[in-house]
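S.K.: One-letter residues, chain by chain:
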Amino acid sequence: MNFKRNALKAAFPHTIPVMTGYIVLGAAYGILLSSKGYSFVWALLTSLFIYAGSMQFVSISLLAAGFQPLATLAITIMVNARHLFYGISMLSKFKGTGILKPYLIFGLTDETFSILVASDPPEGVNKKWFLFFITLLDHIYWIIGSLLGSLLGSILTFNTSGMDFALTALFLVIFIDQWRSTKNHLPVVIGVGSSMVCRMLFGPSNFIIPSMVSILLLVTLLQKKIELRNSL
Amino acid sequence: MTFTLMQSIIFFGIISITTLATRALPFLLFPEHKEMPKYIKYLGNVLPYTIIGMLVIYCFKEVNFMQQPFAIPEIISTVIIVLLHLWKKNMLLSIGGGTAIYMFLIQVVF
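As they're listed, the protein sequences go chains A and B. For the record, in the first sequence the residue sitting at position 62 is 62 according to my numbering, with numbers rising by one throughout. Just add 1000 to the spot in the second sequence (first one is 1) and you have my numbering.
In short, the hints are calculated from the structure, not lab data. Note that the structure is predicted; figures quoted are calculated from it, not measured. Don't take each hint at face value.
Here are a few chain A residues that face chain B, going by a calculated C-beta distance under 7 Å [claimed, not checked]:
#1 N2
#2 I16
#3 P17
#4 N80
#5 G87
#6 S89
#7 P187
Okay, derived cross-link-like pairs now, BS3-like style, lysine-lysine, Cα gap no bigger than 25 Å in a straight line [said to hold, decoys possible]:
#8 A:K224 / B:K1041
#9 A:K93 / A:K128
#10 A:K93 / B:K1038
#11 A:K183 / B:K1034
#12 A:K95 / B:K1034
#13 A:K4 / A:K95
#14 A:K93 / A:K183
#15 A:K93 / B:K1088
#16 B:K1088 / A:K183
#17 A:K9 / A:K101
#18 A:K9 / A:K95
#19 B:K1089 / A:K9
#20 B:K1088 / A:K101
#21 B:K1038 / A:K225
#22 B:K1041 / A:K225
#23 A:K127 / A:K4
#24 A:K127 / A:K101
#25 A:K224 / B:K1038
#26 A:K127 / B:K1034
#27 A:K9 / B:K1088
#28 A:K128 / B:K1041
#29 B:K1041 / A:K127
#30 A:K128 / A:K95
#31 A:K128 / A:K4
#32 A:K128 / A:K183
#33 B:K1034 / A:K128
#34 A:K95 / A:K127
#35 A:K93 / A:K224
#36 B:K1034 / A:K101
#37 B:K1038 / A:K183
#38 A:K93 / A:K9
#39 B:K1089 / A:K183
#40 A:K4 / A:K93
Using N, Cα and C, we set each Cβ at its ideal position, and we do this for glycine too.
Working from the sequences, and respecting the hints, build out all of it.
M.R.: Right, here's the structure in full:
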């Protein structure tokens, strides 16, 4: 039991930035969902079983578009396509995580992914439980946020606008740490460059998939160069 | 509720299962016990460095430089986060400080 508690202790500080962002964004989701006539039970169930922030926001607008199962399926694939990259990046890290692996895969959101990329368990801390508790804590924050929004949304008076910037800040900070951790900046430049160009060409709602395709193309074409620089 | 109970269950069920599928697919294609192709191993090493940049751009996707307030709150907060982080190297301080400043800027200043 002790090694689990140690892993939880080691995991918690890494999740604090996500706590703020998820509680605020989760609450926003809960408020929106209840405005569509769905009670807190639905907020709980969807955040428990879907657990994908941006897709849950999209689902609200799909509710207004009428019941269309096939369109729902297609849109979910498009909105969540970026998860394919997360999975590929985590193939090695999730090796040997045994019975915890299905849950680690289920809980691989943008934020959990970026924390897992950026953090390794300290000396003596069990790796798979460390990964598990980061994932679990983030999931709990999201559920709590959704429930709060759903139950208390109408009586919230504190002005929370801008609080969700915590997640932007989280990605920025991880970005800076990544930049400093390596001399080979080519992959980072490819990621930012492709996304910026695609955002300008395809607009705010359709640029993720073109960005992924161009990132994949560029890192494939430049594989020799990138590997050479990494080995220097 | 917009849909009937059954429709709602199907609707959210589709989203839940499809989301899980997009997360699980790489792990199903390249199971642990099999030797991972060299190219996939390479992608696994290099993609994290590209995606975080993509996520940063994703966060700023709605920012408009042409309209009031010309993305000034975002620019100021980003610069402060970068400087704070390069200086103190404290993740929570950078995130907390940057978020507080952003909230102040959009709620009080702009």
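S.K.: Against this structure, judge whether each hint is valid.
M.R.: Going through the hints against the structure:
With a cut of 7 Å, the hint placing N2 (chain A) at the interface with chain B is violated, because the nearest CB-to-CB distance is about 27 Å. With 7 Å as the threshold, the beta carbon of I16 (chain A) comes within range of chain B, its nearest partner Cβ sitting at about 6 Å, so the hint holds. Annotation: P17 (chain A) was flagged as interfacial toward chain B, and the flag holds, the nearest CB pair being 5 Å apart, inside 7 Å. Annotation: interface hint on N80 (chain A) holds; nearest CB of chain B at approximately 4 Å, less than 7 Å.
The interface hint given for G87 (chain A) is met, as the beta carbon of that residue sits about 3 Å from the closest beta carbon of chain B, less than 7 Å. Satisfaction of the interface hint for S89 (chain A) is found here, the shortest Cβ-Cβ separation to chain B being roughly 5 Å, below the 7 Å cut-off. For P187 (chain A), the shortest C-beta to C-beta distance to chain B is roughly 4 Å, which falls under 7 Å, so the interface hint holds. The suggested pairing of K224 (chain A) with K1041 (chain B) holds, with an alpha-carbon distance near 14 Å, which does not exceed 25 Å.
For the hint linking K93 (chain A) to K128 (chain A), the alpha-carbon distance of about 9 Å falls within 25 Å, and the restraint holds. With a C-alpha separation of about 16 Å, the suggested pair K93 (chain A) and K1038 (chain B) falls inside the 25 Å cut-off, and the hint holds. Annotation: proposed proximity of K183 (chain A) to K1034 (chain B) is violated, straight-line Cα distance about 32 Å (limit 25 Å). For the given pair, K95 (chain A) sits about 11 Å from K1034 (chain B) by alpha-carbon distance, which is consistent with the 25 Å threshold.
Using a Cα cut-off of 25 Å, the hinted pair K4 (chain A) and K95 (chain A) holds, with the two alpha carbons roughly 19 Å apart. Only pairs whose Cα atoms come within 25 Å are accepted, and K93 (chain A) paired with K183 (chain A) is accepted, the gap being roughly 22 Å. Restraint check: the Cα-Cα separation between K93 (chain A) and K1088 (chain B) comes to about 29 Å, which exceeds 25 Å; the hinted pair is violated. Note on K1088 (chain B) and K183 (chain A): the hinted pairing holds, with a Cα-Cα distance of about 21 Å set against a maximum of 25 Å.
Using a Cα cut-off of 25 Å, the hinted pair K9 (chain A) and K101 (chain A) holds, with the two alpha carbons roughly 20 Å apart. Distance check on the hinted pair: K9 (chain A) and K95 (chain A) sit about 22 Å apart at the alpha-carbon level, within 25 Å; holds. For the given pair, K1089 (chain B) sits about 21 Å from K9 (chain A) by alpha-carbon distance, which is consistent with the 25 Å threshold. Proximity of K1088 (chain B) to K101 (chain A) is assessed by CA-CA distance (about 35 Å); at most 25 Å being required, the pair is judged violated.
Restraint check: the Cα-Cα separation between K1038 (chain B) and K225 (chain A) comes to about 16 Å, which is no more than 25 Å; the hinted pair holds. Distance check on the hinted pair: K1041 (chain B) and K225 (chain A) sit about 16 Å apart at the alpha-carbon level, within 25 Å; holds. Taken as a hint, the K127 (chain A) and K4 (chain A) pair is honoured in the structure, with Cα atoms around 10 Å apart against an allowance of 25 Å. The straight-line distance between the Cα atoms of K127 (chain A) and K101 (chain A) is roughly 12 Å, inside the 25 Å bound, and the hint therefore holds.
Simply put, K224 (chain A) and K1038 (chain B) have alpha-carbon atoms about 13 Å apart, close enough for the 25 Å limit, and the pair holds. A threshold of 25 Å between alpha carbons decides the hint, and for K127 (chain A) with K1034 (chain B) the separation of about 22 Å falls inside it, so the pair holds. A distance of roughly 23 Å separates the Cα atoms of K9 (chain A) and K1088 (chain B); the hinted pair therefore holds under the 25 Å criterion. Of the supplied pair hints, the one linking K128 (chain A) and K1041 (chain B) holds, its CA atoms being roughly 20 Å apart against a limit of 25 Å.
Taking the CA atoms of K1041 (chain B) and K127 (chain A), the gap is near 20 Å; set against the 25 Å cutoff, the hint holds. Between the alpha carbons of K128 (chain A) and K95 (chain A) the distance comes to roughly 9 Å, so the proposed pair stays at or under 25 Å and holds. Our distance criterion of 25 Å between C-alpha atoms is met by K128 (chain A) and K4 (chain A), whose separation comes to about 10 Å. With a C-alpha separation of about 29 Å, the suggested pairing of K128 (chain A) with K183 (chain A) is violated against the 25 Å cut-off.
A threshold of 25 Å between alpha carbons decides the hint, and for K1034 (chain B) with K128 (chain A) the separation of about 20 Å falls inside it, so the pair holds. Distance check on the hinted pair: K95 (chain A) and K127 (chain A) sit about 10 Å apart at the alpha-carbon level, within 25 Å; holds. At most 25 Å may separate the alpha-carbon atoms for a hinted pair to count; K93 (chain A) and K224 (chain A) meet this at roughly 24 Å. Distance hint between K1034 (chain B) and K101 (chain A) is fulfilled; the C-alpha atoms sit about 16 Å from each other, no more than 25 Å.
Taking the CA atoms of K1038 (chain B) and K183 (chain A), the gap is about 22 Å. The hint holds against a cut of 25 Å. This hinted pair checks out: K93 (chain A) and K9 (chain A) have alpha carbons roughly 20 Å apart, not beyond 25 Å. A threshold of 25 Å between alpha carbons decides the hint, and for K1089 (chain B) with K183 (chain A) the separation of about 18 Å falls inside it, so the pair holds. Using a Cα cut-off of 25 Å, the hinted pair K4 (chain A) and K93 (chain A) holds, with the two alpha carbons roughly 19 Å apart.
Hint violations for this structure: numbers 1, 11, 15, 20, 32, all remaining hints satisfied.
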